[in-house]
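What follows is each chain in one-letter form.
2 protein chains.
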Amino acid sequence: MRLLFDQFMKKCEDGSWIHLPSYEYIATQRSQDFPTFIHAYFPTASELINKEKLSQGRLFTRSFEDGLGFEYVMFYNDAEKRIVCVFQGGPHLQGMPGFFHGGAIATMIDATVGMNAIVSGGIVMTANLNINFKRPIPLCSIVLINSQLDKIEGRKLLVSCNVQSVDEKILYTEATSLFVKLNPEKEFDIKELVLKSAPPA
Amino acid sequence: MRLLFDQFMKKCEDGSWIHLPSYEYIATQRSQDFPTFIHAYFPTASELINKEKLSQGRLFTRSFEDGLGFEYVMFYNDAEKRIVCVFQGGPHLQGMPGFFHGGAIATMIDATVGMNAIVSGGIVMTANLNINFKRPIPLCSIVLINSQLDKIEGRKLLVSCNVQSVDEKILYTEATSLFVKLNPEKEFDIKELVLKSAPPA
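So the protein lines, in turn, are chains A and B. With the working numbering applied, the first sequence corresponds to residues 1 to 201, in that order. With the working numbering applied, the second sequence corresponds to residues 1 to 201, in that order.
Take the hints with a grain of salt, since some may be wrong.
Claimed, not checked - Taking CB as the label site, the calculated pair distances span:
| hint | chain 1 | residue 1 | chain 2 | residue 2 | range |
| --- | --- | --- | --- | --- | --- |
| 1 | B | Lys53 | A | Gln164 | 19 to 29 Å |
| 2 | A | Glu13 | B | Ile152 | 48 to 58 Å |
| 3 | B | Lys53 | A | Gln56 | 47 to 57 Å |
| 4 | A | Leu4 | B | Glu47 | 35 to 45 Å |
Unchecked claim - Below, in silico cross-link-like pairs of lysine to aspartate or glutamate (EDC-like), each with a Cα-Cα straight-line distance of 20 Å or less:
| hint | chain 1 | residue 1 | chain 2 | residue 2 |
| --- | --- | --- | --- | --- |
| 5 | A | Lys53 | B | Glu47 |
| 6 | B | Lys134 | A | Glu24 |
| 7 | B | Lys156 | A | Asp78 |
| 8 | A | Lys169 | B | Glu47 |
| 9 | A | Lys156 | A | Asp78 |
| 10 | B | Lys53 | A | Glu174 |
| 11 | A | Lys53 | A | Glu24 |
| 12 | B | Lys10 | B | Asp150 |
| 13 | A | Lys134 | B | Glu47 |
Think of the hints as simulated: they come from the structure by calculation, not from any bench. All C-beta atoms, glycine included, are put in the ideal place defined by N, C-alpha and C.
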């Protein structure tokens, strides 16, 4: 994983690829915007938020102890509108004995295509996720999630992705997704966010 | 949640509904079968299993501390081939601030439709999951996941489901899924498993 990380960091040197800050960082930076956008589109849901519980809220993909859950890093290529996520899941993501849970794979797919939609469209919500699981992924293996923005149609963003082995010889999963912008007039400035973000570990 | 549990336990009294044992229980009971079936269909994946890591494996939906992650109970109606899952997610399943992560919802959907496929077809693997997220689900709210076996075609099982508020007034999510049997000749005896399972807490 370290080797892959270094390879991608090397690609970042000429500026074609960007090492993305975590979604948690972005969410913290924009936390004042979320309630407004959500309330505009989903007033009922917004009113149902339990403020007491909210303070205990923790990002799902960052709620495991080191090495047990979701370990990942994302790199973004702005010219090609694509993200590569290097993902190594821990032993607590098990479904069938010895393999990742379909939900854990769906989670990392959602996180990756979601980030691709965020950097292209700002604050978005997953509207559809259509996943074809072709082969089970052995627990704790390292995989690459390759995500690609296919189209923007008004408030809709279409993003596809696949999950492959590091040598790209095994295609594990393919998916398409649809996101809806919650802030149609406002774009995220990805560069500004990256510049403000902490340096890579 | 306790009230809903009691209501469903009441429905179980006449035998039309069954309180399902956990997937973990089923997996443990059938752990000797999994490697054989997986190896028959996916020999490469099977060989990639890291045996050392496998011993640390924990079911994804049961890998959180009480109250922080996935809290759920499932009830099965054999005559109608459907499962109702009462689900209350904890604060560590957050996506957008104040709402569940799409991946956490996908996980509970996979677990529920997957269980419906297991009780109908034995050892199965998720082949497709197609999820329409209609409204964001407020963090920590209790929802009902209603799953229905629609069709069995040879080794394929089609299961659909929706996620609703407890009063069934809010439709949060809809999904269809396709499962493939890994043991075409062998059926699970759900009643035998339930009888062997621990009494409900």
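Here is how each hint holds up against the structure:
Take B/Lys53 and A/Gln164: their Cβ atoms lie about 20 Å apart, and the range 19 to 29 Å holds. Between A/Glu13 and B/Ile152, the C-beta spacing of about 54 Å keeps the proposed range 48 to 58 Å intact. Hint check: B/Lys53 to A/Gln56, Cβ distance near 30 Å, so the stated range 47 to 57 Å is violated. Checked against the hint of 35 to 45 Å, the pair A/Leu4 and B/Glu47 fails, with Cβ atoms roughly 22 Å apart.
Between A/Lys53 and B/Glu47, the direct Cα distance comes to roughly 43 Å. Violation of the 20 Å bound is thereby established for this hinted pair. For the proposed pair B/Lys134 and A/Glu24, the alpha carbon gap of about 23 Å is over 20 Å, so the pair is violated. Our distance criterion of 20 Å between C-alpha atoms is broken by B/Lys156 and A/Asp78, whose separation comes to about 40 Å. A distance of roughly 15 Å separates the Cα atoms of A/Lys169 and B/Glu47; the hinted pair therefore holds under the 20 Å criterion.
For a cut-off of 20 Å, the pair hint linking A/Lys156 to A/Asp78 stands: about 19 Å separates their Cα positions. At roughly 26 Å between alpha-carbon atoms, B/Lys53 and A/Glu174 are farther apart than 20 Å, so this suggested pair is violated. This hinted pair checks out: A/Lys53 and A/Glu24 have alpha carbons roughly 17 Å apart, not beyond 20 Å. With a C-alpha separation of about 26 Å, the suggested pairing of B/Lys10 with B/Asp150 is violated against the 20 Å cut-off.
A threshold of 20 Å between alpha carbons decides the hint, and for A/Lys134 with B/Glu47 the separation of about 17 Å falls inside it, so the pair holds.
Figure legend: structure checked against the earlier numbered hints; hints not met, in rising order: 3, 4, 5, 6, 7, 10, 12.
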